Each structure stands twice: as structure tokens, then as C-alpha cells.
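**Student:** Go by the hints and put chain L onto chain E.
Protein chains: 2
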Amino acid sequence: MARAEPMNVLYERVALIGLGLIAGSMGLRMKRDGLVGEIVGTARSPETRSIAIELGLCDRVTDTAAEAVKDADLVVLCVPVGAMETVTREIAPHLKPGATVSDVGSVKGAVIDAVAPHLPAGVAFIPAHPLAGTEHSGPRSGFPELFDNRWCLLTPTGDAPEAADRLARLWRAMGSNVDTMEPDHHDRVLAVTSHAPHLIAYTMVGVADDLRRVTDSEVIKYSAAGFRDFTRIAASDPVMWRDVFLNNKEATLEILGRFTEELFALQRAIRKGDGDHLHAYFTRTRAIRRGIIEAGQDTDKPNFGRGDAS
Amino acid sequence: MARAEPMNVLYERVALIGLGLIAGSMGLRMKRDGLVGEIVGTARSPETRSIAIELGLCDRVTDTAAEAVKDADLVVLCVPVGAMETVTREIAPHLKPGATVSDVGSVKGAVIDAVAPHLPAGVAFIPAHPLAGTEHSGPRSGFPELFDNRWCLLTPTGDAPEAADRLARLWRAMGSNVDTMEPDHHDRVLAVTSHAPHLIAYTMVGVADDLRRVTDSEVIKYSAAGFRDFTRIAASDPVMWRDVFLNNKEATLEILGRFTEELFALQRAIRKGDGDHLHAYFTRTRAIRRGIIEAGQDTDKPNFGRGDAS
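Going line by line, the protein sequences match chains E and L. Counting along the first sequence from 1, when you hit position 286 you're at 286 in the UniProt record's numbering, and nothing is skipped either side. Counting along the second sequence from 1, when you hit position 22 you're at 22 in the UniProt record's numbering, and nothing is skipped either side.
Keep in mind the hints are simulated off the structure, nothing from the lab. Misleading hints may appear alongside valid ones.
Below, a list of computed lysine-lysine pairs in the DSS-like style, where the Cα atoms sit at most 25 Å apart [as the list claims (entries may be wrong)]: (1) E/K31 x L/K249; (2) E/K301 x L/K249; (3) E/K272 x L/K31; (4) E/K31 x E/K70; (5) L/K70 x L/K96; (6) E/K96 x E/K70.
None of the values given here were measured: they were computed from a predicted structure.
Okay, chain E solo, but in the shape it has when bound (with noise of 0.2 Å):
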């Protein structure tokens, strides 16, 4: 992407809270395609703070989150989203008129009622959810090249269509594609093609983990056969998922709701050896993979192209 002038910097000061891997990417991007003026950083840990400057996530970290937000154009929320009310609370008082404050939090209904009801008028808030990450986290884990391809979800209320399209702008020079939607349909949808399958990794990662019979050695050992790729996911931040879990709880329970009477179905068909049952599922999934594939939202390389854990 080409360096923007400075004449195109979308914002001159923006404040992240938080600065994990999604903060630390963001800041990286937007510095390294100068898309914005200056990036002040804050997060609750002092260590946190001085990695953030020795990487360079932000031009310089505040003890407070009030105090990094002062002057900012655009302040973005980073932390897990049962710490969003805490935060608004905090930073409310000190928002520049005519501000516009996000977020990157995976659930949307839970967000906007902790943080809308707290901001001054006059003050715009576009929640965003990124849809990128890896399973790693804090302010080591980021990269500039996080968000390239990926989606991001914004579900603005409609009444500040001008902050809308900045942000847009921004998520989309940070390499994003970006669409919006309602908020209640966004927990849904990622209920779906997040949060249950998420909580399924975590499920079947523990039950490998308390079967003593078979050790853990050997879980490890022989995990290429399918498992390995659970614990990838089972590895990610473990406070960001409670977050999510505790804050999109009915789309969540109705999924794996749905989830165990597939899979109750699937247990007799094998109790029963109902081939047929078993082959026609099977064969349905696949195809599902392919149009992932088509639209450009995973590879089609073996294992990934992990080639092959190397």
C-alpha cells in the first residue's frame, strides 16, 4: 500500500486503550502507512507500557487511560470487553468534543450498552469488531499486516454517518474489508463463526487434558492426526473469552444448543452404523470448505501450508 501524505492522515491524534495485539497491530499499521498524526498508548501494566514504546505500537504511552485521551480525534477501546464500562466511566470527562471513540471487541450488543449510556454528547461512538487475530496475544504478538484481507464489522447507530465513514476509511487503509451491520445480527452471526467454535476447542483441548489413561504425552505426541488444530484455538487469550462468552451468553447457548443435537444425532448414527447418515453429513461439510477457500478467507495449501510443522 502506498505511504498516504500527510495530507491524507485521517486523524491527528488517536488514543488506544490497551495495547495488546490488536492495539499493537493497529498502531504498527497506522505508523507504518502514516494514516494518522500522533498514536498515544496506554494499558494498566507499566511493562506493557515500555514494550509498547521499545516496538514502537505508539509515539508515546500515558499512565492513564483519561490522560491518553486527551486532544484525541479518535480513541479506540482495546481492552477485553468486560472492561469497557470501567474504562468509558473513566475516560468520559476527558473526551475532546466532537471525539470519536470505537472499539475492537468481539461482542456488540454488550459493548454498546456499557460504554453508550456513559459518553458526553457530542461525542460519536462507532463500535468495530476486526475480525483478525491469531493465538497469541499482548503487545509482542501484533503486526502491521494483521488486518490485510480480513473483515471489519461496524455497527454504528446511524446518527454520526460522517465518523462512520472516517473510521471505515481507517480499517480499510489498514488493509480491512469492511461492512456493517446491526448489532443483534453481528453477535449472531459470530456466535457462529466464532464464539461456539471457540468454546468447542477449549471443551475438547480439557477433555484430552483429564484423560489420564491416555497421557498427556501422548495427546502431544500424536496430535497432528486433528487435535493439534483445536489447541491452536484453545490457546487464545483466556480473559478476552470469558469476556466473550459472559457477554454474548444467549447467541452462544443457542448455537451449541444446536450444536449438541447435531451431535447426538451423529453418536447414534454411529451407535446405530448408519453409514449412510454418517457419509451424506460428511460429504455436505466439504463443500463448505471450498467456498471458504473461494472467497479468499483461508488457503487451500495442505495443513494450511504449515508444511508441515516445520
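**Tutor:** Showing chain L alone in chain E's frame:
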């Protein structure tokens, strides 16, 4: 790996019965490194046989398995588990005295029951299971490095130690690490590391496909948030997996029972808002990922180094 000298040839003639991903990868590797003399292959479909010749998976093909095993020192059954008995009955009268018969099935107990009783005296049966594969299948999906750094599990009965040693040498020469274990233990371990995870992935992908409210296109578009990893597993060969579940019924159903038990406990924690339970669980599972990477069974690169869907 250094080319083997002719004097190091492990088998003068090898017969591959079935020419899919595993047989194709074996053929390419054995030829690349000069591990054996002649490789004869056979498959039910004439198209598969001509592709095998076109790609050089074997030196020649025969129309029937009976012809393929003639004068073969090693016969490897590379057909779905459900086809093992039929193929064994067909080849048994034509096996060379002193020959070794092996297989590459994902289940060992059921394969031993299907094959061993039909083999003539003087033929050694050494069951094998290479823990290697991709979501692709068929003769065009093989590649000679498939087995590098993967495990191959042998479950020999112990009455033909020399035949087992030679087969272990072949698998090591093809890049694998080799372990031996009891068939029942193998089937229990694989139920955890492979069979249950596959059924769970198939189930989740099927559920997503069923949800009309969340359109397929949305599931596919936004799959990068975790779901896409499930779809890779759920793209595996339907016939192979149908047979795996039907032939490792008890162990798989037992693990699935443990899984649903655990899943219900986590669902209850979500419903009750028990964040401590979730956080403790997710923290524990994270450690297992680390073990797998340290054991060299997966890459530590973010997102398997797929970087990212490019």
C-alpha cells in the same frame, strides 16, 4: 535425506493397494529416495490408475489387487477401513510366501479382525498407521514429504519381529518417527487425538450450514474468526471417516460422552456467569498448545503461518 544405494533397498517389490493421498505419498517418497525396487499399484478406478502412472506414484499398475500382489515382498493396504476385509480375501491366495502385509488404516483393532484371519501361514501382518494427512484426498494430493517428522504407529503381534523391524526402517526412511503400541491402546489414543475432534468439527460445520438465519455466505465471509479451522478438518475424505467412526465405535463414543459432559459444565458456567470457572479452564488448555509446539508437532507461527489466507 541422502539417496539410498541399491544395496540399501528395503523391499524388492512393493504393492500399493489403493492409490490415494497416503499411497501416493509413499510411492513418491520411496521412488525419490530409492528405498525399494519396483512399486506396483492398483486402484478400483481406471482413472485413478492412469493418474498414478502419469504422476509416477508407482512403476506400473494392475487392474486387480490379485495381480498387484504377485511376487510382492511388501503389500500395503491403502483402502478405507471398511474395504480391508474384501481386499484381503481377494489377495490372500496370491500372496508370496514370506511376504509382509501392512496397512495404513486409522483404526487398528477392527483392521486386525478384518485382515489377520484371512492371511495364509508364512505371511507376516504388521499393522501400521501413519499419523499424517491433509484435508485433500485422491491420487493427486500426495507429496513425498508428507511423513516428515510425523509419527507412524505400528501394532505388531510380535510373532514376526524381523518383518516389523524392516517395516519400521521403511517408515523411518520415509521421514517418520516410529512407535509401537497395543491395537486397543492405539484406538483409544486416536479417539482422543483424531476421531472425536473430527466428528466435532464435522458437527460444527454442519450446524453452521443448517442455520438459515445466518446465511452460508456470512458464515463463509466471516469464517476467519475461528470457524475456518474446523472447516479444514471437516473437508476430509467422507468415506475414510465414515469407516473410521463405524470401526472405532466404542472408544469414539466414550470420548464424545466425556466431551458433552464437559461442554455442559462450561455451558452452565456461561449461563450462571461463572467467569472464574471459564478463565481457569481456558488457562489450563493454553498450556497444552505450548507442549505440542515444543514437541515439534506444530508450528508456533501465528495462524499456522498461513499468513494470512494469502
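**Student:** With a cut-off of 25 Å on the C-alpha distance, tell me whether E/K31 and L/K249 pass.
**Tutor:** violated (55 Å)
**Student:** For the pair supplied as a hint, E/K96 and E/K70, is the alpha-carbon distance within the 25 Å limit?
**Tutor:** Holds. E/K96 to E/K70 sits at ~7 Å (cutoff 25 Å).
**Student:** E/K31 and E/K70: Cα distance at most 25 Å?
**Tutor:** holds (20 Å)
**Student:** Next pair to validate is L/K70 with L/K96; report whether the Cα-Cα distance is within 25 Å.
**Tutor:** holds (7 Å)
**Student:** Run the distance test for E/K301 versus L/K249: straight-line Cα separation, threshold 25 Å.
**Tutor:** violated (31 Å)
**Student:** Keeping to a limit of 25 Å between CA atoms, is the pair of E/K272 and L/K31 held or broken?
**Tutor:** With a Cα-Cα distance of about 43 Å, the restraint between E/K272 and L/K31 is violated, given a limit of 25 Å.
In terms of the numbered hints stated before, the structure departs from hints 1, 2 and 3, listed from lowest to highest.
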